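Number of protein chains: 2
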Amino acid sequence: MIRANDNYSKLKASYLFSDIAKKVNEYQQQNPDVHIIRLGIGDVTRALAPAVIKGFHEGVDEMANDVTFRGYGPEQGYAFLREAIAKNDFQDRGADILPDEIFVSDGAKCDTGNFQELFAKDIKVAIPDPVYPAYLDTNVMAGRTGEYENGRYNGIVYMDCLKENNFLPNLPDEQVDLIYLCFPNNPTGSTATKKVLTAWVEYAKENHALILFDAAYESFIRDEALPKTIYEITGAKEVAVEFRSFSKTAGFTGTRCGFTVIPKDCMIYDSKGEKISLHAMWNRRHITKFNGVSYPVQKAAQAVYSEEGHAQVKSQIAYYLNNADIISKTIESFGFDYIGGKNSPYIWIDGAGRDSWDFFDLLLTKAGVVCTPGGGFGRCGKYYIRISAFNSLENVILAMDRLKEALK
Amino acid sequence: MIRANDNYSKLKASYLFSDIAKKVNEYQQQNPDVHIIRLGIGDVTRALAPAVIKGFHEGVDEMANDVTFRGYGPEQGYAFLREAIAKNDFQDRGADILPDEIFVSDGAKCDTGNFQELFAKDIKVAIPDPVYPAYLDTNVMAGRTGEYENGRYNGIVYMDCLKENNFLPNLPDEQVDLIYLCFPNNPTGSTATKKVLTAWVEYAKENHALILFDAAYESFIRDEALPKTIYEITGAKEVAVEFRSFSKTAGFTGTRCGFTVIPKDCMIYDSKGEKISLHAMWNRRHITKFNGVSYPVQKAAQAVYSEEGHAQVKSQIAYYLNNADIISKTIESFGFDYIGGKNSPYIWIDGAGRDSWDFFDLLLTKAGVVCTPGGGFGRCGKYYIRISAFNSLENVILAMDRLKEALK
Numbered sequence: 097m098i099r100a101n102d103n104y105s106k107l108k109a110s111y112l113f114s115d116i117a118k119k120v121n122e123y124q125q126q127n128p129d130v131h132i133i134r135l136g137i138g139d140v141t142r143a144l145a146p147a148v149i150k151g152f153h154e155g156v157d158e159m160a161n162d163v164t165f166r167g168y169g170p171e172q173g174y175a176f177l178r179e180a181i182a183k184n185d186f187q188d189r190g191a192d193i194l195p196d197e198i199f200v201s202d203g204a205k206c207d208t209g210n211f212q213e214l215f216a217k218d219i220k221v222a223i224p225d226p227v228y229p230a231y232l233d234t235n236v237m238a239g240r241t242g243e244y245e246n247g248r249y250n251g252i253v254y255m256d257c258l259k260e261n262n263f264l265p266n267l268p269d270e271q272v273d274l275i276y277l278c279f280p281n282n283p284t285g286s287t288a289t290k291k292v293l294t295a296w297v298e299y300a301k302e303n304h305a306l307i308l309f310d311a312a313y314e315s316f317i318r319d320e321a322l323p324k325t326i327y328e329i330t331g332a333k334e335v336a337v338e339f340r341s342f343s344k345t346a347g348f349t350g351t352r353c354g355f356t357v358i359p360k361d362c363m364i365y366d367s368k369g370e371k372i373s374l375h376a377m378w379n380r381r382h383i384t385k386f387n388g389v390s391y392p393v394q395k396a397a398q399a400v401y402s403e404e405g406h407a408q409v410k411s412q413i414a415y416y417l418n419n420a421d422i423i424s425k426t427i428e429s430f431g432f433d434y435i436g437g438k439n440s441p442y443i444w445i446d447g448a449g450r451d452s453w454d455f456f457d458l459l460l461t462k463a464g465v466v467c468t469p470g471g472g473f474g475r476c477g478k479y480y481i482r483i484s485a486f487n488s489l490e491n492v493i494l495a496m497d498r499l500k501e502a503l504k
Numbered sequence: 097m098i099r100a101n102d103n104y105s106k107l108k109a110s111y112l113f114s115d116i117a118k119k120v121n122e123y124q125q126q127n128p129d130v131h132i133i134r135l136g137i138g139d140v141t142r143a144l145a146p147a148v149i150k151g152f153h154e155g156v157d158e159m160a161n162d163v164t165f166r167g168y169g170p171e172q173g174y175a176f177l178r179e180a181i182a183k184n185d186f187q188d189r190g191a192d193i194l195p196d197e198i199f200v201s202d203g204a205k206c207d208t209g210n211f212q213e214l215f216a217k218d219i220k221v222a223i224p225d226p227v228y229p230a231y232l233d234t235n236v237m238a239g240r241t242g243e244y245e246n247g248r249y250n251g252i253v254y255m256d257c258l259k260e261n262n263f264l265p266n267l268p269d270e271q272v273d274l275i276y277l278c279f280p281n282n283p284t285g286s287t288a289t290k291k292v293l294t295a296w297v298e299y300a301k302e303n304h305a306l307i308l309f310d311a312a313y314e315s316f317i318r319d320e321a322l323p324k325t326i327y328e329i330t331g332a333k334e335v336a337v338e339f340r341s342f343s344k345t346a347g348f349t350g351t352r353c354g355f356t357v358i359p360k361d362c363m364i365y366d367s368k369g370e371k372i373s374l375h376a377m378w379n380r381r382h383i384t385k386f387n388g389v390s391y392p393v394q395k396a397a398q399a400v401y402s403e404e405g406h407a408q409v410k411s412q413i414a415y416y417l418n419n420a421d422i423i424s425k426t427i428e429s430f431g432f433d434y435i436g437g438k439n440s441p442y443i444w445i446d447g448a449g450r451d452s453w454d455f456f457d458l459l460l461t462k463a464g465v466v467c468t469p470g471g472g473f474g475r476c477g478k479y480y481i482r483i484s485a486f487n488s489l490e491n492v493i494l495a496m497d498r499l500k501e502a503l504k
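Line by line, the protein sequences give chains A and B. Per this note's numbering, the very first residue in the first sequence carries number 97; after that it's consecutive. Per this note's numbering, the very first residue in the second sequence carries number 97; after that it's consecutive.
Careful, some of the hints might be misleading.
As the list claims (entries may be wrong) - Derived CB-CB ranges, DEER-like: (1) Q187(A) / N121(B): 24 to 34 Å; (2) D269(B) / E302(A): 53 to 63 Å; (3) E243(A) / Q271(B): 27 to 37 Å; (4) G431(B) / E154(A): 42 to 52 Å.
Claimed, not checked - List time: in silico DSBU-like cross-link candidates among lysine-lysine, alpha-carbon distance up to 35 Å: (5) K385(B) / K360(A); (6) K301(B) / K108(A); (7) K217(B) / K385(A); (8) K385(B) / K119(A); (9) K410(A) / K150(B); (10) K385(A) / K500(B); (11) K410(B) / K385(A); (12) K183(A) / K290(A); (13) K360(A) / K118(B); (14) K290(B) / K385(A); (15) K106(B) / K217(A); (16) K385(A) / K119(B); (17) K150(A) / K438(A); (18) K220(A) / K106(B); (19) K385(A) / K324(B); (20) K371(A) / K106(B); (21) K118(A) / K385(B); (22) K410(B) / K360(B); (23) K385(B) / K324(A); (24) K259(A) / K385(B); (25) K106(A) / K220(B); (26) K220(A) / K217(B); (27) K301(A) / K106(B); (28) K217(A) / K371(B); (29) K385(B) / K106(A); (30) K385(A) / K183(B); (31) K301(B) / K385(A); (32) K385(B) / K410(A); (33) K183(A) / K118(B); (34) K150(B) / K385(A); (35) K438(A) / K220(A); (36) K360(A) / K106(B); (37) K291(B) / K385(A).
Stated by the list, open to error - Reference listing, derived: stretches of chain B covered by chain A, where coverage requires no fewer than 3 residues with Cβ under 8 Å from a Cβ of chain A: (38) 120-132; (39) 156-165; (40) 199-211.
Because the hints were derived from the structure by calculation, they are not lab data. All figures in this text were calculated on a predicted structure; none of them were measured in a lab. By construction, the Cβ of each residue, glycine as well, lies at the ideal position given by its N, Cα and C atoms.
Could you put together the complete structure from these sequences and hints?
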């Protein structure tokens with residue numbers, strides 16, 4: 097009898113975005129004249145940069161000719177892209193990452209989701225709360241948790257991120273083996289200084305733990321003192337993997353390209369305590385279950401690193417950050433506490449005891465503005481909402497004007 | 097301590113294509129003047145069809161404008177593509193498959209590799225020999241096998257495909273739960289009639305088993321009596337999942353698009369023997385670990401189903417099949433036994449007791465022609481080689497002339 101992976105039955109049904117959509121649709125039906133402004137989902141809204149479009153078209157044109165046509169490429173990505181990434185994103189910031197330590201993929205969601213396959217089932221996993229749900233759900237599917245009780249899965253070490261700790265997880269009291277970190281953070285927009293990351297790298301070294309560092313939002317960092325990659329921290333190459341994405345950096349949410357950095361110095365352990373190369377393991381996984389990213393998409397990603405491409409995507413990020421400034425100032429004017437928005441497209445707003453779904457309903461019905469209720473990201477988000485800066489400037493200004501009217 | 101998934105240590109190092117590359121490179125260095133002709137790897141060589149290129153460019157152009165820009169799309173694929181697939185590939189052949197039973201992905205390798213995640217660890221898995229290695233390796237990684245001994249993993253039910261059974265696996269003597277089938281077959285090029293597939297569907301029903309049917313090469317079928325999809329078989333919707341790819345159909349090996357069909361009638365069982373929807377499980381997996389296929393790539397795939405696109409890709413397939421005819425006739429003229437080449441781009445040649453690596457060396461050194469040694473696909477391939485029709489007509493003719501000279 098073909099039997100299911102029973103761990104799937106432990107998964108709490110994830111209705112966050114479908115519940116939001118349902119409420120928004122209902123409201124729109126009842127109020128057909130309202131122009132609803134969506135500041136909920138973290139999806140970009142602006143067109144790909146001209147240089148990226150040019151690279152993309154050139155890649156397609158090469159596929160149109162037998163001589164320049166590309167069939168199967170290297171599963172790990174073309175050298176031209178891996179080299180551009182290593183130089184621009186790492187070496188130029190003093191992080192000694194080599195092209196063959198970079199694995200190009202179709203996005204950070206796939207990589208952060210699949211990466212846990214490399215580890216034993218009974219390792220101890222530490223995950224922040226609130227959190228991007230994929231870290232958690234993929235560990236549930238793999239059987240690393242017990243049942244779901246009181247809003248949490250048994251067996252996971254949750255790291256509360258609250259005002260008390262400036263939304264930065266504390267080092268765990270107990271020994272953990274695998275640590276998920278995300279900075280600038282989704283959903284809170286909090287950032288980590290070099291000092292904070294150094295403490296995590298030291299914890300990982302002392303405890304023979306591994307850090308999975310999600311840096312999907314690094315391009316929003318404008319404070320030059322903040323690290324853009326964990327490899328700016330001495331010793332991180334031995335204990336950390338970094339996930340990156342072109343989704344938010346260059347508007348690739350619908351184009352699909354990201355990458356994962358696994359330094360060759362990074363070792364894990366077999367059941368006898370002998371060291372194993374994590375790079376070799378992921379390489380084996382990658383070539384067995386993945387077949388590389390579309391060639392024209394890799395050409396488009398390469399263009400992000402050209403002189404004009406770099407300037408264009410930088411201006412897109414500046415555009416969204418300007419939106420974030422406008423949102424932050426408005427929220428501040430209401431007297432709400434918030435974090436994020438400075439080095440992040442997300443603003444995480446303290447509802448001052450108001451349940452996040454009530455706050456969501458208020459913004460929708462009073463202002464026609466869609467946010468994301470923080471409760472959807474974990475127990476610690478129950479009294480928060482997330483507002484995203486991904487929309488047009490015009491819509492952001494309009495949304496803020498409406499909020500001023502609604503909340504005055 | 098961060099410990100590894102120990103199952104990875106069971107994996108036999110897969111050196112097939114790297115060993116081939118090494119031998120070819122060595123030979124080329126020693127014989128720099130020889131124009132080596134590669135009929136080894138199953139990679140297409142011809143440019144994307146003009147209609148596909150047009151759709152691809154149009155998709156890129158839409159990404160260049162804020163108004164038509166697409167961010168995150170549905171993880172399962174855009175409706176325009178799922179509808180085109182359901183109509184053209186299934187409904188028009190009498191197979192009652194609906195658009196929402198189709199999950200668009202970045203290729204059949206990912207899907208065939210990832211699909212086993214949905215099942216319990218202790219199910220019994222049946223895999224043909226010779227075989228596309230990903231079916232096997234992904235089950236090893238998931239812990240469904242014992243150690244590798246005498247060329248095989250303990251715990252797997254291997255289904256020998258030899259001349260005696262016309263390279264069609266026999267129904268297992270023991271009860272198995274998960275069955276991998278691939279027709280037209282990679283590597284042998286064998287095909288399955290409706291009668292053969294009906295027997296498998298009946299076996300699956302009687303044994304509450306599930307068939308994973310890899311139909312990546314269906315477009316090479318020219319015998320109209322042969323089924324192009326397993327859903328042409330009555331009852332298959334309850335016991336079979338089908339994997340498809342645009343890689344060989346439309347030359348997408350470097351463009352990356354495929355899809356998986358999971359009929360809603362298809363049920364598996366939980367540990368209590370209760371039915372579970374496989375469609376719902378894969379949907380949960382897909383939305384958790386995958387973020388959809390690049391929008392311009394989906395537009396390119398859609399163009400395969402346009403009137404002109406269909407005619408163009410059909411003519412590409414005919415081109416490769418003409419190559420296969422030329423190779424088959426040459427092999428036949430030598431008196432070698434072979435299978436495939438009629439409804440498949442692969443010709444599987446019996447070396448008449450010659451070890452497949454010796455045969456490989458012979459073709460390389462005497463004729464400058466690269467094939468794939470059958471031993472790389474499993475124990476049953478030890479005395480076979482695979483020749484692929486994926487190359488230009490000119491190269492195929494030249495390769496066959498050289499073989500005639502070398503083997504006369």
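List of violated hint numbers, smallest to largest = 10, 38
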